[in-house]
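Number of protein chains: 4
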Amino acid sequence: MSNTFGKLFKVTSFGESHGEAMGCVVDGCPSGIQLNEEDIQKDLDKRKPGKGIAGTKRKESDKIKILSGVFKGKTTGTPIALITFNENQKSRDYSNIKDIFRPGHADFTYNAKYGIRDYRGGGRSSARETLARVAAGAIAKKILAKEGIIINGFVKELGGVEAKEFSEKDMENIYETELRCPDKKATKKMEKLILKTIKEKNSIGGVVEVIAKGVPAGLGEPVYEKLSAEIASSLMGINAAKGIEIGSGFMCTKMNGNEHNDLIESKNGKISFLTNNAGGILGGISTGQDIIARVAFKPLASIGQKQKTINKDLKNVEIEIEGRHDVSVCPRAVPVVEAMIALVLVNALMEQKARK
Amino acid sequence: MSNTFGKLFKVTSFGESHGEAMGCVVDGCPSGIQLNEEDIQKDLDKRKPGKGIAGTKRKESDKIKILSGVFKGKTTGTPIALITFNENQKSRDYSNIKDIFRPGHADFTYNAKYGIRDYRGGGRSSARETLARVAAGAIAKKILAKEGIIINGFVKELGGVEAKEFSEKDMENIYETELRCPDKKATKKMEKLILKTIKEKNSIGGVVEVIAKGVPAGLGEPVYEKLSAEIASSLMGINAAKGIEIGSGFMCTKMNGNEHNDLIESKNGKISFLTNNAGGILGGISTGQDIIARVAFKPLASIGQKQKTINKDLKNVEIEIEGRHDVSVCPRAVPVVEAMIALVLVNALMEQKARK
Amino acid sequence: MSNTFGKLFKVTSFGESHGEAMGCVVDGCPSGIQLNEEDIQKDLDKRKPGKGIAGTKRKESDKIKILSGVFKGKTTGTPIALITFNENQKSRDYSNIKDIFRPGHADFTYNAKYGIRDYRGGGRSSARETLARVAAGAIAKKILAKEGIIINGFVKELGGVEAKEFSEKDMENIYETELRCPDKKATKKMEKLILKTIKEKNSIGGVVEVIAKGVPAGLGEPVYEKLSAEIASSLMGINAAKGIEIGSGFMCTKMNGNEHNDLIESKNGKISFLTNNAGGILGGISTGQDIIARVAFKPLASIGQKQKTINKDLKNVEIEIEGRHDVSVCPRAVPVVEAMIALVLVNALMEQKARK
Amino acid sequence: MSNTFGKLFKVTSFGESHGEAMGCVVDGCPSGIQLNEEDIQKDLDKRKPGKGIAGTKRKESDKIKILSGVFKGKTTGTPIALITFNENQKSRDYSNIKDIFRPGHADFTYNAKYGIRDYRGGGRSSARETLARVAAGAIAKKILAKEGIIINGFVKELGGVEAKEFSEKDMENIYETELRCPDKKATKKMEKLILKTIKEKNSIGGVVEVIAKGVPAGLGEPVYEKLSAEIASSLMGINAAKGIEIGSGFMCTKMNGNEHNDLIESKNGKISFLTNNAGGILGGISTGQDIIARVAFKPLASIGQKQKTINKDLKNVEIEIEGRHDVSVCPRAVPVVEAMIALVLVNALMEQKARK
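Line order of the protein sequences matches chains A, B, C and D. Taking my numbering, I'd label the letters of the first sequence as residues 197 to 552. Taking my numbering, I'd label the letters of the second sequence as residues 197 to 552. Taking my numbering, I'd label the letters of the third sequence as residues 197 to 552. Taking my numbering, I'd label the letters of the fourth sequence as residues 197 to 552.
Chain A on its own, in the form it takes in the complex:
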């Protein structure tokens, strides 16, 4: 088990989906940062299920509490423990799934690894753990904002429907939309697709894109902790992620060098790149352009359809997963993706400062 993320700004996460509490300890936060629970709650609320069509039934207030590391409204440099107590930990009967390995879930692998698993809501493998990431990321974002770094994520694609037409403003106001998609036309199509998918007791995947603006040139630690590698690790570690792209991503394989190379220009002493196929990273180090990354999320594994699988005694069984689940992880994954990028960047920033 490796539940710590980061080298200088470290997050250690704990908790199971239906255990007593979820939380994390943030170690290495600079002192003197203004911080209160509301700063964190604001981001946590972004990952709560939507009220409308895309949401799970689980209703948790997810109230965050700061247990340490903050004194008189400021960080002291000591570890910041954050906690949310689970409210509905005993609300369900798990007898139907406790001995069964749900397809597409981590039931089988946790059992293979540990020989024991907390089957309540997926235990530690539940996406509820991302709560800890978002909470820690909220602190990271505050530090980054002081340096002029702003991170925006959004749903780029859902079930094959792609967001194409939108303004920067649409992107900034993404949390006012339920699907976290800045393209209104595409959103309409997505909504239809979601309704259809619910009816079919099925699920869909999608792509979340994230853009970090204001990142200075020079961040990232070659050769094994390249900024690109750290981003890839941080995003691929999110539940349900199957692919990661930076800049041109997989499209780069269809391009020639003369198209892909971002030419550099100088005007009145100001450097600019004519394109950004690099996604803001060259040789593992930030260029000063926007950092652009994308994550492919698989369709949610929990579906209402009947599926073949096995139980702990290696008997073949069938399972129908009850309850109303999210149809896609994407809308709720947006703040998680942002948080992970924030954690990567705050670490890169600190490491860069260390050697100045």
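Since the hints were derived computationally from the structure, they do not count as laboratory data. Please note that a few of the clues may not be correct.
When chains are identical, the list treats them as one kind, so a pair holds in a single copy or across two.
Stated by the list, open to error - Taking lysine-lysine pairs in the DSSO-like style, the calculated list, with each CA pair at most 27 Å apart, reads:
id: 1; residue 1: 203; residue 2: 463
id: 2; residue 1: 397; residue 2: 502
id: 3; residue 1: 508; residue 2: 552
id: 4; residue 1: 502; residue 2: 409
id: 5; residue 1: 338; residue 2: 203
id: 6; residue 1: 395; residue 2: 385
id: 7; residue 1: 388; residue 2: 238
id: 8; residue 1: 450; residue 2: 360
id: 9; residue 1: 384; residue 2: 502
id: 10; residue 1: 294; residue 2: 466
id: 11; residue 1: 504; residue 2: 463
id: 12; residue 1: 338; residue 2: 268
id: 13; residue 1: 342; residue 2: 466
id: 14; residue 1: 384; residue 2: 450
id: 15; residue 1: 244; residue 2: 409
id: 16; residue 1: 270; residue 2: 552
id: 17; residue 1: 549; residue 2: 409
id: 18; residue 1: 549; residue 2: 203
id: 19; residue 1: 552; residue 2: 203
id: 20; residue 1: 338; residue 2: 261
id: 21; residue 1: 338; residue 2: 549
id: 22; residue 1: 392; residue 2: 502
id: 23; residue 1: 450; residue 2: 504
id: 24; residue 1: 511; residue 2: 268
None of the values given here were measured: they were computed from a predicted structure.
Fit chains B, C and D to the supplied structure of chain A, relying on the hints for placement.
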């Protein structure tokens, strides 16, 4: 700078493209493993430029030397230092590029980060560093082989041409081909494309796929060092990588849950999955199926065409990069991709043993 | 701030003396270990202030709660969060010390480092943090016990009075004594000294010794994570520690090589050492003999006598520290020293297994 | 095996006493530092055997070579590989010790841990490894010197003879003396003792003290990477170390709180401490006073007297260790102790900068 990879089987790499030497220190290798220079040389030779159409002109014997950690043909448990002395370190004149930031290269970012850069052949940012990875990976592969784990990489796509028809045997004999592509028909097309690209002084990108067979279920450390996250980091950290996929990868976004979930079946007490969209990893832990990953490599940045860029004094200039370069990184990246997967797996294996 | 201890069995501690809570997250604990709150509480109770002469006035129940990582009485392999809520967090008025740097305390240095400090009871620098170590150590001890490793600490010296005559049994029953000293005669003298010291509003230092039995030969990771180095770090990191010895310790400087070398003998295939000046460690690796270490603890900094110091405005002031404090850290440090050794050994054990 | 020291300024060491080469890779060194081989050689020469009474017979030029990370006389921020090729690697016959576990040496424990050992000159367990530390430390010292931090070590005690009377100047010129002792009178006595010890084919231990001046207040990372804990680890990890003290050290146990507390005074806005029992560290953080530490080194294990021991077949045998060895590790340990303190401080400095 972070030049160490791995937690229990650690590789610390050093050296610049045209410095004295390239090498690495492998720390944490179990004792008692039979190891000689030939074991490592064999893999290193796989990343040497091809003799034919796809190769760079650089001719280095890249003879590896073991400096420590092996006694009477066996590893002793102490650090294994591996070194290759560069032969052509003074063979070129760099005056034309020493003050210029080549587009698509790390020249600009190294300068932004460090305020100084070794411009000879890209210095530390050169893909020549991957020599250290392949050397260390060769040791990792020996350990994995003892546990029945075999890793095979190959060129899956080159400049849009995809490898589709091939047998397992074709894949195993990949190093007998120059393009490291198992599909003979596709190879023909790729060859034509390469010749055309050379003529146009251009370059092309592509995809390398890697498959690890024999990985037991249970490897990988959730939640922040998931096997998938470690693979993503290890592959995205290779020079020129822009995208990573595991299993279904970006295709997952076009699938429904009922298609994507890999159903599980038991026959006479033997577990099997009906599909492998997971790419052998669920919840960040290996399932026991083949582990499948893909890397998208951008077209090589070094092209002979005239390109706009700037120099250190922020003057706009034009550059034509001399010499004959590889047209694509892909064929030579195959052993590098294999090596990185080997390093990830040997670490995961050790960590799993630590808690048994 | 670096609040994580250990590489494979990691403890991340949080909390301030008079904040909401103290606790830790234990990550990397093997799955399947029987564990309940009572297992941990038992050790925690050992570090509570004595009822008699040596104790502080602070009265806390220090009830530990397991928040995660344990399911149906067994560890699941996921992070184990442990927490104790502080009960008397608002019980005092700190206005007299809030702007003053108490001599011998960390007030000055925390302020120098962070520019801010939680002055309530020393904040993070309080020895109350050792609660987290003891809690985590209790889990480590359970794992070690399964391998036959038992750790016993005791007060070896207090204010110059040394424990000399005692049996192994006395040592094992140390927690039945208030001063944690196995030598009854010495204890009497210590008690007198304590009463005198209290009367003088002063404090005394001492030495805690710890012995680990049953440690197999071969643990420890040369050359920079030698077992001796890890022990030194773990013990010197305890509040008020000023010196560390292993085996012969500083006495070694008065010995000749022929006296100091532990000769080895074999009888019926069983190896034994004739002496144990090494303290069970040679070349940073355990020999299989008892591991013996000692820590020197300075006299407690909080004394009732009037002392010169300065305040935040760099004005010279005088301070008398109110309240009844411990006279010496030693008795209560015993379980902390044991816990740190347990954490070192469990990590060494796991790392050794990783390469088998 | 854990052969990497440091978190931000990392040293990875490799090599056996009589293997091909000894060396290290320094990763994380800031760019732009002037550095050449002479800078390092100067320090390496300090750990070479003395020409007179205290020296081993081994004659090595120990010429250091920089293989990477330096370009045109300046560090580039990339890993700096340093290497010394062993010259006398084949000069001896080891048949008499190859199957015998020398008392006081790591022969037995390396064999227990790894099941194999390089018996030539102690292999990896040889103090020759400290060459790598001194080389890396020389770079660290250059960085520290720029911040006004100067480190001086010296022999404080040898075989019971203590250095007492000396000036700061004596200490600064320590490397002009053979015994690295600043007290001339004590040196005379030490010399006599050494001659006597040689005659008796015996060895003696001693204490090395180290003082770091100019360390700013605020360095060190509580609670588990306290500056004191890092120093303890770094020094206890040196070959033959058995005890570590900081400031008052073990003497603290004979002092009362009112004597031990270092009172603070302010004069014209300048803070001063009236004493320095803390050894420059409170709560694990530097106070701005001199940092003072001491290491106890055991008498060297290699003595010419006949000793009882066992061989690999667990037979009882006798051994007389041939050749002329050092009588005490202390004089040659002085630059090693300095180097380790330099490595600790440069890491602490960088970590402090990271959060500013």
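Hints and how they fare:
For a Cα distance limit of 27 Å, the shortest separation of residue 203 from residue 463 qualifies neither inside one copy, at 38 Å, nor across copies, at 41 Å. Only within a single protomer do residue 397 and residue 502 lie at most 27 Å apart by alpha-carbon distance; the minimum there is 9 Å, versus 56 Å between protomers. For a Cα distance limit of 27 Å, the shortest separation of residue 508 from residue 552 across copies, 21 Å, qualifies, whereas the shortest one inside one copy, 56 Å, does not. Proximity of residue 502 to residue 409 under the C-alpha cut-off of 27 Å is found in neither arrangement, the shortest distances being 45 Å within a copy and 30 Å between copies.
Within a single copy, residue 338 and residue 203 get their C-alpha atoms as close as 18 Å, and across copies as close as 25 Å, so both meet the 27 Å cut-off. Within a single copy, residue 395 and residue 385 get their C-alpha atoms as close as 16 Å, which meets the 27 Å cut-off; across copies the closest is 46 Å, which misses it. In this assembly of identical chains, residue 388 and residue 238 lie within 27 Å of each other by CA distance neither inside one copy nor across copies; the values are 29 Å within and 56 Å between. For a Cα distance limit of 27 Å, the shortest separation of residue 450 from residue 360 qualifies both inside one copy, at 20 Å, and across copies, at 17 Å.
Taking the shortest Cα distances, residue 384 and residue 502 never come within 27 Å of each other, neither inside one copy (29 Å) nor across copies (46 Å). Taking CA atoms no more than 27 Å apart as the test, residue 294 paired with residue 466 passes between copies only; the shortest distance there is 21 Å, against 61 Å inside one copy. For the homomeric pair residue 504 and residue 463, the shortest alpha-carbon distance between copies (13 Å) is at most 27 Å, but the shortest distance inside one copy (63 Å) is not. Proximity of residue 338 and residue 268 under a CA criterion of 27 Å is satisfied intra-copy only: 17 Å inside one chain copy versus 40 Å between copies.
Taking CA atoms no more than 27 Å apart as the test, residue 342 paired with residue 466 passes inside one copy only; the shortest distance there is 23 Å, against 33 Å between copies. In this homomeric assembly, residue 384 and residue 450 come within 27 Å of each other (Cα to Cα) only across copies, at 18 Å, whereas the closest approach inside a single copy is 31 Å. Proximity of residue 244 to residue 409 under the C-alpha cut-off of 27 Å is restricted to the intra-copy arrangement: shortest distance 25 Å within a copy versus 39 Å between copies. In this homomeric assembly, residue 270 and residue 552 come within 27 Å of each other (Cα to Cα) both inside a single copy, at 26 Å, and across copies, at 15 Å.
Taking the closest pair of Cα atoms, residue 549 and residue 409 come within 27 Å of each other both inside a single copy (19 Å) and across two copies (24 Å). Taking the shortest Cα distances, residue 549 and residue 203 sit within 27 Å of each other both inside one copy (14 Å) and across copies (14 Å). Taking the closest pair of Cα atoms, residue 552 and residue 203 come within 27 Å of each other both inside a single copy (18 Å) and across two copies (16 Å). Taking the shortest Cα distances, residue 338 and residue 261 sit within 27 Å of each other inside one copy (17 Å), while across copies they are farther apart (32 Å).
Taking identical chains as interchangeable, the C-alpha atoms of residue 338 and residue 549 lie at most 27 Å apart whether they share a chain (17 Å) or sit on different chains (19 Å). Taking the shortest Cα distances, residue 392 and residue 502 sit within 27 Å of each other inside one copy (18 Å), while across copies they are farther apart (52 Å). Taking identical chains as interchangeable, the C-alpha atoms of residue 450 and residue 504 lie at most 27 Å apart only when they sit on different chains, with a minimum of 22 Å there against 39 Å within one chain. Taking the closest pair of Cα atoms, residue 511 and residue 268 come within 27 Å of each other only across two copies (24 Å); inside a single copy the shortest separation is 58 Å, beyond that limit.
Hints 1, 4, 7 and 9, counting from the list given before, are not met by this structure.
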